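J.: Take a look at the letters that make up each chain.
There are 2 protein chains.
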Amino acid sequence: MINKLTERIQRLEAPIVVGLDPMLNYIPEHIIKDAYSSMGENLSGAAEAIWQYNKCIIDAIYDLVPAVKPQIAMYEQFGIEGMKTYVKTLEYAKSKGLIVIGDVKRGDIGSTSAAYATGHLGKVNIGGKQFRGFDEDFITVNPYLGSDGILPFIDVCKQENKGLFILVKTSNPSSGEFQDQLINNRPLYEHVGKKVAEWGELFMGHEYSYIGAVVGATYPEVGKVLRELMPKTFILVPGYGAQGGKAEDLKHYFNDDGLGAIVNSSRGIIAAYKLPKYEAYGETGYADASRQAVLDMREDLKKAWSR
Amino acid sequence: MINKLTERIQRLEAPIVVGLDPMLNYIPEHIIKDAYSSMGENLSGAAEAIWQYNKCIIDAIYDLVPAVKPQIAMYEQFGIEGMKTYVKTLEYAKSKGLIVIGDVKRGDIGSTSAAYATGHLGKVNIGGKQFRGFDEDFITVNPYLGSDGILPFIDVCKQENKGLFILVKTSNPSSGEFQDQLINNRPLYEHVGKKVAEWGELFMGHEYSYIGAVVGATYPEVGKVLRELMPKTFILVPGYGAQGGKAEDLKHYFNDDGLGAIVNSSRGIIAAYKLPKYEAYGETGYADASRQAVLDMREDLKKAWSR
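First to last, the protein sequences are chains V and U.
Using this note's numbering, the letters of the first sequence correspond one by one to residues 1 to 307.
Using this note's numbering, the letters of the second sequence correspond one by one to residues 1 to 307.
The shape of chain V in the complex, shown without the other chains (with noise of 0.2 angstroms):
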């Protein structure tokens, strides 16, 4: 799956994942109101609601962009109703050729990081046959609790041909109360990068590893000092755009090959249309008005990979 990733990347030149966090103020108004019409003013109407949104911004962008990454918060807010249009989204994604990598920052120990590897990634066992829960191609993980957290997903990802990305240093503000901490001269997020590293030598693609890092654009300075660290670990950038990432500040994310970095962008892309820039698209155009973003941002990146 990192192969897929590299080649699809390289193939659009758009080292991009849409962010797919819809929020219902994000949604407009003729959506909202025809899904509550047919499923009411309740969970149920609210995930309908989210459910067309997400479909005619996949429609819109499927042929630009490798992947796509859900927020399961954004859905999990509404209940089961919520994660069903979780589901519904990844796998509609999944068929029109995109990559899914669930944010679902999930993380426990042996049994129970066993059971989220298997409910996201893999396969459970029931009678003589095997289900699959959630189905996500890639999803985000805690490193929190250490390898013991970390090996059960590893060993799914294994059977699966499938990755993760961990979190080594997020792209908030306060993100330096425990990751900035130095130990050893060094801080925190150096260390847990230096394991992430060791960690992706389990699981080798091509170029680069099954297990990759997530590091945010809002540390530039951090991103170069990690990409030096973890050579062979792809990483995953939040914080460009709404957050306050530049295009300039992400060329140490990349290694070069014009590789190793994805880049995230969320309401930047799906809610497009509220921005000045994209106003003239209006509600009914929200799909188009994300489409046009897409193609800025691939633009708009080259500044950070091309050589």
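If you're looking for bench data, these hints aren't it; they were derived computationally from the structure.
Being a predicted model, the structure only gives us computed values, none of them experimental.
Positions of the beta carbon are idealized from the N, C-alpha and C atoms, including for glycine.
Certain hints may be false.
One side of the interface only, derived from the structure: several residues of chain V facing chain U at Cβ under 7 angstroms [unchecked claim]: (1) E41; (2) M83; (3) T118; (4) G119; (5) F131; (6) Y144; (7) E177; (8) F178.
Below, a list of computed lysine to any residue pairs in the SDA-like style, where the Cα atoms sit at most 25 angstroms apart [said to hold, decoys possible]: (9) V/K84 - U/K84; (10) U/K277 - V/S111; (11) U/K84 - V/G128; (12) V/K84 - U/G40; (13) V/K84 - U/A114; (14) U/K274 - U/Q243; (15) U/K123 - V/N25; (16) V/K123 - U/K33; (17) U/K195 - U/Q159; (18) V/K33 - U/K129; (19) V/K88 - U/A114.
On the provided structure of chain V, position chain U as indicated by the hints.
T.: Frame of chain V; chain U shown alone:
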């Protein structure tokens, strides 16, 4: 909710939470058979078996313990059908007067943490009305992303009179890889513990904060240090029993008032009938075996908290 938890612990003389972490191989054959014949040998059948198994365990223990802790990973591995059983389990437990601690270990930043908090503890606005997604009383959360990740959860706790248990030191062998690293001569878990005590001041109950901590039973010397560092923090203690933690070792997790900690046991209770000690109960007496295991644990824990 933290006041209700301390009251129930005192009344029942049981600082015990029963971990509802079902695995298919814990479930007696007759339950599996009935579930598969009514729902099919598939995800629905497995979810039904888990639901029937949980229900009888809850019926057998609800008058003895203050709380249960379903581990969501064990449900999530069966996809949507598993999540439905998670919801049914927590609704049923609450209908029996139990406090429900959702062991979800979620954690993200900003609006994403807010979405998790809304889904698990709060209410989501749809049109003019409010709806609940999962509706636990407490959940566990991961601190790696810092205050930006935690404060949105605390905001919702305040609105709902609900609480958190934040991971500080986990019970697994490799928890030390990051958590024990020294920062200014003190391990990371102490820095996290100090922060949890600070966050705790933002939302205090009568004696204890609504914002608790997770500290594993397997590192008793650590429990002692953290107990002193976080005097008003309630500690959720995993790792008793199956993972090797003993009651004698847990003295220092409790304050002089005999409160301040609640000890989890999962397998040792819900699959007690598989242990040599309780094998006379047999498969059909599995719930009675669970009840006896709770009574024995209550007695055993007196070594830790009674003065």
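J.: Does each hint hold? Answer for all of them.
T.: Here is how each hint holds up against the structure:
no., hint, result
1, E41, "holds, 4 angstroms"
2, M83, "holds, 6 angstroms"
3, T118, "holds, 5 angstroms"
4, G119, "holds, 4 angstroms"
5, F131, "holds, 5 angstroms"
6, Y144, "holds, 5 angstroms"
7, E177, "holds, 4 angstroms"
8, F178, "holds, 6 angstroms"
9, V/K84 - U/K84, "holds, 11 angstroms"
10, U/K277 - V/S111, "holds, 24 angstroms"
11, U/K84 - V/G128, "holds, 23 angstroms"
12, V/K84 - U/G40, "holds, 20 angstroms"
13, V/K84 - U/A114, "holds, 20 angstroms"
14, U/K274 - U/Q243, "holds, 16 angstroms"
15, U/K123 - V/N25, "holds, 16 angstroms"
16, V/K123 - U/K33, "holds, 21 angstroms"
17, U/K195 - U/Q159, "holds, 22 angstroms"
18, V/K33 - U/K129, "holds, 15 angstroms"
19, V/K88 - U/A114, "holds, 23 angstroms"
When held up to the earlier numbered hints, the structure conflicts with none and fits them all.
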